[in-house]
Structures are given as C-alpha cells and as structure tokens.
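From first to last, the protein sequence lines are chains A and B.
Counting from 105, one number per residue, gives the positions in the first sequence under this note's numbering.
Counting from 105, one number per residue, gives the positions in the second sequence under this note's numbering.
Worth double-checking, as some hints may not be accurate.
Claimed, not checked - Okay, derived cross-link-like pairs now, BS3-like style, lysine-lysine, Cα gap no bigger than 27 Å in a straight line: (1) Lys142(A) / Lys142(B); (2) Lys142(B) / Lys227(A); (3) Lys142(A) / Lys120(A); (4) Lys227(A) / Lys282(A); (5) Lys156(A) / Lys142(B); (6) Lys142(B) / Lys227(B); (7) Lys156(B) / Lys142(A); (8) Lys142(B) / Lys282(B); (9) Lys156(B) / Lys227(B); (10) Lys120(A) / Lys156(A); (11) Lys142(A) / Lys156(A); (12) Lys156(B) / Lys156(A); (13) Lys156(B) / Lys282(B); (14) Lys142(A) / Lys282(A); (15) Lys156(B) / Lys142(B); (16) Lys227(A) / Lys142(A); (17) Lys120(B) / Lys142(B); (18) Lys120(A) / Lys227(A); (19) Lys282(B) / Lys142(A); (20) Lys156(B) / Lys120(B); (21) Lys227(A) / Lys156(A); (22) Lys156(A) / Lys227(B); (23) Lys120(A) / Lys282(A); (24) Lys156(B) / Lys227(A).
Calculated directly from the structure, the hints in this document are not laboratory data.
Number of protein chains: 2
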Amino acid sequence: MEPPRLVYIVTGNEGKFREASRILGEYGIEARQARLVKVEIQSDRLEDIALKAARIAYVQLRRPLIVEDAGLFIDSLRGFPGPYSDYVYRTIGIEGILNLLQGRGRSACFRSAVAYVAPMAEKVFSGEVCGRIAEEPRGSEGFGFDPIFIPEGYSQTFAELGIGVKNRVSHRAQALRKLASWLVGAAHTGGW
Amino acid sequence: MEPPRLVYIVTGNEGKFREASRILGEYGIEARQARLVKVEIQSDRLEDIALKAARIAYVQLRRPLIVEDAGLFIDSLRGFPGPYSDYVYRTIGIEGILNLLQGRGRSACFRSAVAYVAPMAEKVFSGEVCGRIAEEPRGSEGFGFDPIFIPEGYSQTFAELGIGVKNRVSHRAQALRKLASWLVGAAHTGGW
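With the hints as constraints, model all of the structure from the sequences given.
Structure below.
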C-alpha cells in the first residue's frame, strides 16, 4: 500500500507550516495548511493540548490532520514559559525572558507534541531538544524564541543555524519524523 | 419568588471560594465548592475561558454553577500575565514580575469574569479594579499576586488590606455582585 499522500496541518503560523511540510515531504507526504481557529486548552502537558485541539479540528475538517504544540521550558524558571510560549512571546517577548534570566541558570529545552487525528486513527508523538538560552538574540531565521536558543553541540542559535540544521535536530522535527515513520509504516501494513 | 438558595463554585482554590461565598452570602445565596477538574481553553479573553469551562463543568454537575477566571493585566508588559496569571505565579512568581518591571510603568488592572450556567440560563459578568504594582511584596492575606497589587485610592496592597476591603473593591467582588443582583432580580421576576 502507498504511504498517505496528504495531511492537513492546522496552524496559522507560516514558519511552523514551512518546517513541518518540508519534513513530511521527505517521507512522500504532502502537507496542506488548514487555517482553522485552533481551540487549545490550558494544561502543563503539550500532548494534552495538541490532542484535544486536533480532535476539535477534526470535527470541522474531517480530513487526516496534524496539530503541533510546542514550548520552551527553562529549568531555572520552573519550566516557564512552557505551554504558554506563544503568549509570552507576544507580551514580554525575548527581552522579558532575558531579563528574567539575569543571574540564573540558562539550561532549557524546546519540546513539541504532534497530534495526528484521522478516520480510525489517533496518535501523539513527542520530541525534545535541549540546550541553553543565549545572552542576547542572534540570527533572523525561524520564529519565536529561535534567536535565543542554542541547541546542545552547537554555538549558534536556531535563528542563526537556519531551517536546514533546525529540521535535523529540533523538537518539532523529531516529533514529526516519528509521526511520518509511523504513517509510512502503518500504510505499508495496511494499519490505517 | 425566593432568590436561588444554592450555587456551586467550581474551583480548587480555597481563597477564591472563601471570597466568593462570603459575597454571595450577603445576597442570601449559599455557595458550595465543587472540586471538578476545570477545563480551561487558551484565550486572551477571560469571559471566553470562564464560559467554556462553566459549560463543560455543567455537563458533569447538572446543578447551577459558577466558574470564575481572573488575571492581572500589566500595561507596560502588554497585558502579561493576563489569563495565564496562575501559571505565571506558579513558575516565575512575584519575584519574576518584579524583575520584569524594573524601569517600567507599574499601572495594572485585575480583571475577573464570572460565568454562571444553570438549566435554562447562561450568563457572564465582568469586573475590574485598576491600580499599580508595588515595589516589593507586602502583606499575607489573600492569594496569588495580592501582595504586589495596590488598588487605586489605597496605599496598601490587597494582601495588607485583607478580605474585608478586597471584597468591597476587587474585580472578583464586582463581577460576583453583578451576578448576585441579577440572580436575585431574576428570581423575583421568575426569569430563571
């Protein structure tokens, strides 16, 4: 059986869609952007947020779809901004995060949860990349907190490294690659 | 017709329940605490969060109930921490807020939305109290960001002023008094 040809990605974030569609493309999966209003619950668990949002989106779209939720978890801030990274980015921004980190530990992880909902299938995959928060923003690629996140093993930020490196190591890339492998495998065995 | 005798308040926050039940009591309304798991959506509008949480709680409880959602909106931080005040309190806390405000304007408002759902009735009331963020935490009453919020016309924080003053001027008190007046009035006219 052929792998699935088409999956909808529910997001209003063009940067996220660009990253995700490129990864899925490597597995022969075409991605289309669905600009539905995403209903996200408040939870400390990204997996819950993504899965519930995907279920609600599925009721509207009735097509195989993905909702991805991600966050930056900073150890010395008890995980803040975590699941609320988008809101925090829109309000206190990068400058606020750097202020909060003065005199504190800078280790942090980006985490991602990708929820897939389709007729007869529902599955969540997670990914994580750890590293540290830079002293100041650097680079212009990517989006969100990319200019201040330096992944382990690198000296540049995600925004300096660009989409090529980011899509090899990022939290989102890991979660999406797990999903893509599962989809391709499931298609071959007729499991979905 | 008699005013309603009994309303459930869906909250795990004892401080919030204490404040609310005392206010409703002034109107002859008995409050009981319902410790359901509250499902809150992510939204910049407290009214949406409270109403959707109340609808979901009602499906479980099937009794007249209230869900209250509140937040501290700081002007110079573009409204942060806003609807995510609980999460921000649990992570970066009061210290984090004070760090973020160094060298910035300190005007802020506490806002509250109270959603009431009952058989044949659904209504949301809002309240707001403005003031400023103190230079350092003071006082031990109340909860959350009370030790750093000084309401307009006072020089002490909510945590210093205590529940008596807080229940005269607070955002939550205003929203609850609107609800209580409506309940009592509606009961008299047979409107619910």
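Against the structure, the hints come out as follows:
At most 27 Å may separate the alpha-carbon atoms for a hinted pair to count; Lys142(A) and Lys142(B) meet this at roughly 19 Å. The straight-line distance between the Cα atoms of Lys142(B) and Lys227(A) is roughly 24 Å, inside the 27 Å bound, and the hint therefore holds. In summary, the hint linking Lys142(A) to Lys120(A) is supported, as the alpha carbons are separated by about 14 Å, within the 27 Å threshold. Of the supplied pair hints, the one linking Lys227(A) and Lys282(A) holds, its CA atoms being roughly 11 Å apart against a limit of 27 Å.
Of the pairs offered as hints, the one joining Lys156(A) and Lys142(B) holds, with about 14 Å between alpha carbons and a cut-off of 27 Å not exceeded. Of the supplied pair hints, the one linking Lys142(B) and Lys227(B) holds, its CA atoms being roughly 18 Å apart against a limit of 27 Å. For a cut-off of 27 Å, the pair hint linking Lys156(B) to Lys142(A) stands: about 14 Å separates their Cα positions. Restraint check: the Cα-Cα separation between Lys142(B) and Lys282(B) comes to about 23 Å, which is no more than 27 Å; the hinted pair holds.
For a cut-off of 27 Å, the pair hint linking Lys156(B) to Lys227(B) stands: about 11 Å separates their Cα positions. Only pairs whose Cα atoms come within 27 Å are accepted, and Lys120(A) paired with Lys156(A) is accepted, the gap being roughly 19 Å. For the proposed pair Lys142(A) and Lys156(A), the alpha carbon gap of about 10 Å is at most 27 Å, so the pair holds. About 14 Å separates the Cα atoms of Lys156(B) and Lys156(A), which keeps this hinted pair within 27 Å; it holds.
Between the alpha carbons of Lys156(B) and Lys282(B) the distance comes to roughly 19 Å, so the proposed pair stays at or under 27 Å and holds. Taken as a hint, the Lys142(A) and Lys282(A) pair is honoured in the structure, with Cα atoms around 23 Å apart against an allowance of 27 Å. The straight-line distance between the Cα atoms of Lys156(B) and Lys142(B) is roughly 10 Å, inside the 27 Å bound, and the hint therefore holds. A hinted pair counts as satisfied when its Cα atoms are at most 27 Å apart, and Lys227(A) with Lys142(A) qualifies at roughly 18 Å.
This hinted pair checks out: Lys120(B) and Lys142(B) have alpha carbons roughly 14 Å apart, not beyond 27 Å. A C-alpha spacing of about 20 Å is found between Lys120(A) and Lys227(A), which places the hinted pair at or below 27 Å, so the restraint holds. For the suggested pair Lys282(B) and Lys142(A), the alpha carbons sit about 32 Å apart, so the restraint of at most 27 Å is broken. Proposed proximity of Lys156(B) and Lys120(B) is supported: the alpha carbons are some 19 Å apart, at most 27 Å.
Distance check on the hinted pair: Lys227(A) and Lys156(A) sit about 11 Å apart at the alpha-carbon level, within 27 Å; holds. A C-alpha spacing of about 26 Å is found between Lys156(A) and Lys227(B), which places the hinted pair at or below 27 Å, so the restraint holds. Pair hint Lys120(A) plus Lys282(A) holds up; C-alpha atoms about 17 Å apart against a cutoff of 27 Å. Using a Cα cut-off of 27 Å, the hinted pair Lys156(B) and Lys227(A) holds, with the two alpha carbons roughly 26 Å apart.
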